[in-house]
Each structure stands twice: as C-alpha cells, then as structure tokens.
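Trainee: Sequence lines, in order, name chains S and Y. Okay, so the first sequence: first residue is 1 according to our numbering, each after it adds one. Okay, so the second sequence: first residue is 1 according to our numbering, each after it adds one.
Any given hint could be a false lead.
Said to hold, decoys possible - Computed beta-carbon distance windows for the label pairs:
1. SER148(S) to GLN189(Y): 52 to 60 Å
2. GLU263(S) to GLY171(Y): 22 to 30 Å
3. LYS125(S) to SER94(Y): 28 to 36 Å
4. GLY69(Y) to ASP270(S): 53 to 61 Å
5. LYS58(Y) to GLU263(S): 49 to 57 Å
6. ASP16(S) to ALA243(Y): 13 to 21 Å
7. GLN189(Y) to THR73(S): 31 to 39 Å
8. ARG272(S) to ALA228(Y): 21 to 29 Å
9. LEU265(S) to GLU115(Y): 23 to 31 Å
10. ARG272(S) to ASN122(Y): 24 to 32 Å
11. HIS140(Y) to ARG117(S): 35 to 43 Å
12. ASN122(Y) to MET98(S): 39 to 47 Å
13. ASP16(S) to ASP71(Y): 47 to 55 Å
14. ASP302(S) to ASP88(Y): 25 to 33 Å
By construction, these hints were calculated from the structure, which means they are not laboratory data. Even glycine gets a Cβ: it sits at the ideal position worked out from N, Cα and C.
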Amino acid sequence: MSVRVRNLAVDYSVSDGTAHALRDISFDIPEGEMLGLVGESGSGKSTVAFALMGLLANNATVTSGSAEIHGRTYDLTRPGATTALRGRGMAMIFQDPMLSLNPVFTVGRHLLEVLRRRHPETDRKSRLAMAEDALAKVKLGDPKRRMSQYPHELSGGMRQRVVIAMALLAEPTLLIADEPTTALDVTVESQIMRQIIGLRDRIGCAVLLITHSLGVVTSYCDRIAVLYAGERLENGTVGAVQAHPGHPYTRMLLDCEVPLERERLPLTTDNRFTVIAGDLPDPRQRPPGCIFNGRCDVSFEDCARIVPADYPVDDSRGHSARCLRLRSPL
Amino acid sequence: MTAAISVDNAFVRFGDTAALNGVSLEVPQGGCFGIVGESGSGKTTLMRAVLGLQKLEKGEIRIAGRVLGTDRGGLKQRASIIQPIFQDPAASLSPRCRIGMLMDEVGTVLGEAREETRGRLNGLLRRLGIDPGVVDKYPHEVSGGQARRVAIARALLMRPSIIVADEPTAGLDVSVQGDLLNLLQDLRQAENITLVVISHNLAVVRLIAEDAIVMRQGVVVEGGEAGALFSAPGEPYTQELLASWPHISVRQ
Numbered sequence: 001m002s003v004r005v006r007n008l009a010v011d012y013s014v015s016d017g018t019a020h021a022l023r024d025i026s027f028d029i030p031e032g033e034m035l036g037l038v039g040e041s042g043s044g045k046s047t048v049a050f051a052l053m054g055l056l057a058n059n060a061t062v063t064s065g066s067a068e069i070h071g072r073t074y075d076l077t078r079p080g081a082t083t084a085l086r087g088r089g090m091a092m093i094f095q096d097p098m099l100s101l102n103p104v105f106t107v108g109r110h111l112l113e114v115l116r117r118r119h120p121e122t123d124r125k126s127r128l129a130m131a132e133d134a135l136a137k138v139k140l141g142d143p144k145r146r147m148s149q150y151p152h153e154l155s156g157g158m159r160q161r162v163v164i165a166m167a168l169l170a171e172p173t174l175l176i177a178d179e180p181t182t183a184l185d186v187t188v189e190s191q192i193m194r195q196i197i198g199l200r201d202r203i204g205c206a207v208l209l210i211t212h213s214l215g216v217v218t219s220y221c222d223r224i225a226v227l228y229a230g231e232r233l234e235n236g237t238v239g240a241v242q243a244h245p246g247h248p249y250t251r252m253l254l255d256c257e258v259p260l261e262r263e264r265l266p267l268t269t270d271n272r273f274t275v276i277a278g279d280l281p282d283p284r285q286r287p288p289g290c291i292f293n294g295r296c297d298v299s300f301e302d303c304a305r306i307v308p309a310d311y312p313v314d315d316s317r318g319h320s321a322r323c324l325r326l327r328s329p330l
Numbered sequence: 001m002t003a004a005i006s007v008d009n010a011f012v013r014f015g016d017t018a019a020l021n022g023v024s025l026e027v028p029q030g031g032c033f034g035i036v037g038e039s040g041s042g043k044t045t046l047m048r049a050v051l052g053l054q055k056l057e058k059g060e061i062r063i064a065g066r067v068l069g070t071d072r073g074g075l076k077q078r079a080s081i082i083q084p085i086f087q088d089p090a091a092s093l094s095p096r097c098r099i100g101m102l103m104d105e106v107g108t109v110l111g112e113a114r115e116e117t118r119g120r121l122n123g124l125l126r127r128l129g130i131d132p133g134v135v136d137k138y139p140h141e142v143s144g145g146q147a148r149r150v151a152i153a154r155a156l157l158m159r160p161s162i163i164v165a166d167e168p169t170a171g172l173d174v175s176v177q178g179d180l181l182n183l184l185q186d187l188r189q190a191e192n193i194t195l196v197v198i199s200h201n202l203a204v205v206r207l208i209a210e211d212a213i214v215m216r217q218g219v220v221v222e223g224g225e226a227g228a229l230f231s232a233p234g235e236p237y238t239q240e241l242l243a244s245w246p247h248i249s250v251r252q
C-alpha cells in the first residue's frame with residue numbers, strides 16, 4: 001500500500017512575520033520503494049519529515065495537508081494526528097543516532113521497548129531472541145554482548161545500525177530517514193544505505209530518504225523529489241530525472257555534483273566547479289511567478305508572472321516538473 | 001626546490017592508539033596537495049602537527065625547509081608561513097568578538113597599523129564576495145558559507161605561503177561548496193600559495209589536487225599523482241574508498 005502526502009503546507013511564525021516553509025507539497029511513495037527528497041539547506045526538507053511525524057517546533061503550524069498511510073487518511077493540520085502511528089506505522093532515523101537513543105539505556109532495552117509496543121503479545125524470552133536477531137540482521141557483530149552495551153560504547157556507524165534495528169523491529173509502513181549517513185564516512189555510508197535497503201525489502205515498507213546529496217539519491221533511491229524554497233519543483237523516477245531533468249534547478253543541481261571520473265586538467269581555470277548563482281528567496285514573502293525565477297538561466301517574461309503547475313516531462317509516467325517551458329502549447 | 005612541507009617518519013600516540021604511525025610525505029611548493037582518509041585515519045592529527053599544535057613523539061616536520069619549534073617564538077614564525085582553515089569555522093572565530101576585532105589581531109601579530117590591516121582586509125573581503133560590513137557582525141550572525149569565507153580571509157590576511165584546509169566544504173550545499181573551491185583555487189594561483197586540502201570528498205580532491213595521499217589508521221596507504229591514484233588505485237583500501245563513493249554517472 002503506497003504512502004501518499006497531499007498539499008502539505010507549513011508556516012513558522014518568526015519574530016518579524018510568518019515564514020512559509022512548505023507550500024503545497026504532494027508526493028507518493030509506492031510500497032517497497034525509496035523516495036529521495038533532495039534540497040539545499042533551507043528548502044524545507046526536514047520540515048516535511050517533522051510534519052509527518054508530528055514533531056514540529058512550537059512556532060510551526062501545518063496550514064494544510066493530509067497523509068494516507070496504510071489505507072487510512074490522517075489530517076496533518078490536527079495536532080498529534082499521527083501520534084498513534086509513531087513506532088508502529090511510522091519510524092524515523094535521524095542524522096544523529098543519539099537523538100533516538102537514550103544514553104542511560106542499554107542497546108537491548110531500546111530494542112525491547114520497541115517490541116513491547118509492537119508485539120505486546122510476546123513474552124520476554126522471545127523478545128530477547130527477536131532483538132538479538134535484529135542486531136544480527138543489521139550486521140552488528142556479537143549481538144549478545146551488544147545488547148548489554150550503552151550507546152556511548154559504540155561508534156557512530158554502530159549506533160546508526162542500532163537505530164535501524166529498532167526500525168526493523170517496529171515494522172513500519174513508512175520509514176523516514178533524515179540525512180542518516182551525513183555524519184558518517186563513505187565506506188560506512190554505503191554499508192548503512194545497504195542496511196536501509198535491506199530493511200525496506202525485508203518488511204516492504206515505503207522509505208522517505210531526506211538528503212542533500214544527489215549522489216546518495218541516484219545510487220540508492222527509486223524515485224526523487226526535488227525541493228526548493230518550500231516547493232516541490234520536480235518529481236519522477238531517478239533514471240528519468242537524471243536522464244532528462246525537467247526543471248532547470250534540477251539540471252543545475254546535477255551539474256554541481258562532481259563525478260568521481262572527472263579528471264583534472266592542466267589549467268586550473270579548466271577545473272572549475274559549477275555553482276548556482278544567487279540566493280534563496282525570502283520565505284516570508286514569496287516572489288510572484290516561478291519560485292526559481294531569480295536564479296534561473298533560461299527564464300523568460302512569463303516566469304515572473306505565472307506560477308507554474310506540474311507539467312509532464314517527456315510523457316514519461318510520473319515524471320513532472322514545475323517549469324513553464326514544459327507547458328504544452330494549446 | 002625545497003618542499004613546502006616535509007614530514008619525516010612522524011609518530012603520535014594517544015594512549016594505545018597510534019594516530020600517526022610513521023608518516024612521511026613531501027608537499028611540493030606552489031601546488032595543491034590532497035590528503036584523503038576517513039575518521040580516525042590521522043589526517044587531522046597530521047594537520048595539527050604541521051601547524052605546531054601537536055607535538056611529535058618521534059620524527060621531524062620541516063616547513064619551507066626549516067624545523068620550527070612549538071614554543072611561542074616558533075609558533076609565531078610558523079604562523080607567518082602557514083595558516084589553517086579549520087573544518088568548523090567557529091574554531092577560528094571567537095563567538096564573543098566581532099569579526100573586525102579578530103582581524104585586527106592579525107595586524108597586531110604582524111606589527112601592522114590598524115588602517116593598513118583594515119585596508120588589506122577590505123580588498124580580501126571584496127574578492128571573497130563578502131560585504132565589508134561583516135566586520136561589525138558576530139560570528140553567529142553570518143551563514144555557514146560566509147563564516148568559512150571569513151575564516152579564509154583571516155588566514156589570507158596573515159600573508160601565508162602555505163594554507164592547510166581541513167574539510168573546507170564539509171556541511172555545505174553543493175553549489176556553495178563549488179563556489180568556495182573555485183575561490184580557493186583562484187587565490188592559490190594569484191598569490192602563489194601552496195594549498196593542502198584534507199578531505200573525505202574524493203571527487204573534489206581528484207579535481208583540484210596535483211598530488212594526493214590516502215591515509216588509514218595513522219599510516220599513508222598510498223600516494224602519488226592524483227589522477228593516477230584515482231584512476232588506477234593500487235591498494236585494496238583505496239579501491240574500497242572509491243567503490244563506496246555514491247556515484248553520479250556522467251550524463252551525455
């Protein structure tokens with residue numbers, strides 16, 4: 001059963017007005033697939049995760065939006081709409097695993113707590129066996145000893161594995177991973193991403209991966225949604241978007257990535273890095289027309305007046321972008 | 001030509017762990033040198049040793065051909081040749097000082113009149129694309145990308161011949177990262193500065209460094225001309241690093 005999010009909008013009240021952090025965000029994640037939500041700092045990608053989990057800060061208001069998870073629709077504008085889902089229907093992996101781990105609890109206690117909530121019918125002995133089994137599944141060596149260790153005794157990568165084991169035991173319909181590998185080394189990152197994919201395949205959940213790294217998305221995700229200044233500019237399968245980015249912003253983001261194959265040329269001036277000139281628009285006052293207009297390299301007059309809708313790209317199913325250049329001539 | 005930095009058989013131990021376990025390397029003058037490795041590989045300890053912030057248990061480090069002490073005089077001498085850009089710009093910007101005040105301290109060290117320092121600073125800030133009004137701000141009032149530029153300006157203000165940058169772009173968005181790296185390359189060329197970049201970003205090191213080394217657990221695993229090192233790695237660890245790198249394939 002796929003996860004659907006519709007028309008999500010979030011405002012933050014700040015000292016000098018209201019910042020519209022998210023505007024009209026919709027996306028689908030089919031069961032067993034991983035959607036990569038990419039965007040630069042300030043694009044609102046973490047706000048999406050927090051709005052879904054009901055973990056927004058006090059100065060935030062969900063002004064519209066609903067989520068369909070496991071066949072039920074939740075009105076996200078209601079405070080605590082998804083509270084009942086936490087730890088059952090939804091689980092989250094944070095960038096810093098210590099946010100999910102209690103420093104005074106052992107690894108085992110964390111895992112058993114998840115199981116008490118998820119499988120109240122089981123006895124302690126079978127829960128212990130399930131917990132040790134989960135640690136083995138995320139390739140944490142010597143599970144028996146790990147059970148009695150405290151989070152501070154583990155490395156960053158090991159802690160993240162414990163959190164993934166907790167998610168594995170929670171068997172969620174939707175797993176949200178917010179920059180799960182940003183603080184980790186590349187070799188550990190690839191191991192952790194493989195564990196997340198393993199978890200997805202084992203329990204068939206939908207995964208929302210929030211990251212600023214296009215490399216991670218193109219390496220591990222099925223679909224991609226590109227967020228910019230609180231709006232979703234493009235949406236599609238990773239292959240389609242990478243082959244034919246529909247939005248100039250997506251194309252520019254892809255161009256900014258340095259491929260490992262790129263060789264250094266003798267002249268330093270030939271080894272330039274691509275940049276996107278300009279700054280994010282003021283979140284308190286959305287400029288008219290296309291949100292990316294100010295930084296776009298192919299904009300035309302209409303871009304400053306008309307807010308683009310989602311237009312299909314290349315007629316490929318599910319690939320759309322908000323760029324007026326894609327408007328089919330009527 | 002004497003090497004900008006030459007490290008000979010350096011040993012540093014923290015308890016039972018060898019942070020540097022017999023490291024030797026030569027950084028040629030005027031180029032860009034890359035140091036690649038994961039957490040715990042000893043790359044930051046190596047940087048600290050080169051800067052004189054970490055005493056060696058054994059071995060020798062020569063900066064521009066000279067062995068410099070770690071006493072006050074030695075550090076001052078070192079500071080006029082070699083300047084760091086730390087990973088966390090906050091590490092080089094005191095939270096309680098306005099940025100201008102930090103910059104004036106450079107003038108004090110150089111024994112330069114305040115007006116002269118400020119004049120050079122304005123020129124540098126303009127080249128780095130920062131509004132000179134930043135001097136009246138506190139470090140927390142500027143964005144991450146700006147704070148790094150301020151740290152670069154502070155380093156350049158000392159007129160060093162060598163700059164050591166520890167993860168200069170970690171935590172920055174790709175487009176900001178590119179902007180900063182372009183800037184570092186321009187400055188290095190214009191001022192004929194030797195740039196040492198410590199990074200876990202293999203693609204970046206491959207593109208900007210002429211020579212590079214790969215470190216692991218306090219040892220130099222492999223080193224050489226960067227292009228050859230990345231296109232035909234000899235050591236299994238280098239191969240693993242390259243294979244783990246999240247790949248964006250080149251589009252036609």
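Trainee: Quick check: does the Cβ-Cβ distance between ASN122(Y) and MET98(S) fall within 39 to 47 Å?
Mentor: 43 Å, holds
Trainee: Could you tell me whether the CB distance from GLY69(Y) to ASP270(S) stays inside 53 to 61 Å?
Mentor: Violated, since GLY69(Y) and ASP270(S) (Cβ atoms, about 41 Å apart) do not stay within the stated range.
Trainee: I want to verify a distance hint. Is the separation of the beta carbons of GLU263(S) and GLY171(Y) within 22 to 30 Å?
Mentor: Because 26 Å falls inside the window, the suggested range holds.
Trainee: Lying within 13 to 21 Å: is that true of the beta-carbon distance ASP16(S) to ALA243(Y)?
Mentor: 49 Å, violated
Trainee: How does the Cβ-Cβ distance of LYS58(Y) and GLU263(S) compare with 49 to 57 Å: does it lie in that range?
Mentor: 38 Å, violated
Trainee: Kindly confirm whether 25 to 33 Å is satisfied by the beta carbon distance between ASP302(S) and ASP88(Y).
Mentor: Cβ of ASP302(S) to Cβ of ASP88(Y): about 44 Å, so the range 25 to 33 Å is violated.
Trainee: Mind checking the hinted window 23 to 31 Å against the Cβ distance between LEU265(S) and GLU115(Y)?
Mentor: Cβ of LEU265(S) to Cβ of GLU115(Y): about 42 Å, so the range 23 to 31 Å is violated.
Trainee: State, for the Cβ atoms of ASP16(S) and ASP71(Y), whether the hinted interval 47 to 55 Å holds or is violated.
Mentor: Given about 51 Å between the Cβ atoms, the range holds.
Trainee: Honestly, do ARG272(S) and ALA228(Y) meet the 21 to 29 Å range at C-beta?
Mentor: 22 Å, holds
Trainee: Range hint 52 to 60 Å: satisfied by the CB atoms of SER148(S) and GLN189(Y)?
Mentor: Roughly 57 Å apart at Cβ, these two residues keep to the hinted range, so it holds.
Trainee: Quick check on a hinted range of 35 to 43 Å for HIS140(Y) and ARG117(S), using CB atoms only.
Mentor: 40 Å, holds
Trainee: Between ARG272(S) and ASN122(Y), does the C-beta distance stay in 24 to 32 Å?
Mentor: For ARG272(S) and ASN122(Y) the Cβ distance comes to about 26 Å; the hint holds.
Of the numbered hints listed earlier, those contradicted by the structure are 3, 4, 5, 6, 7, 9 and 14.
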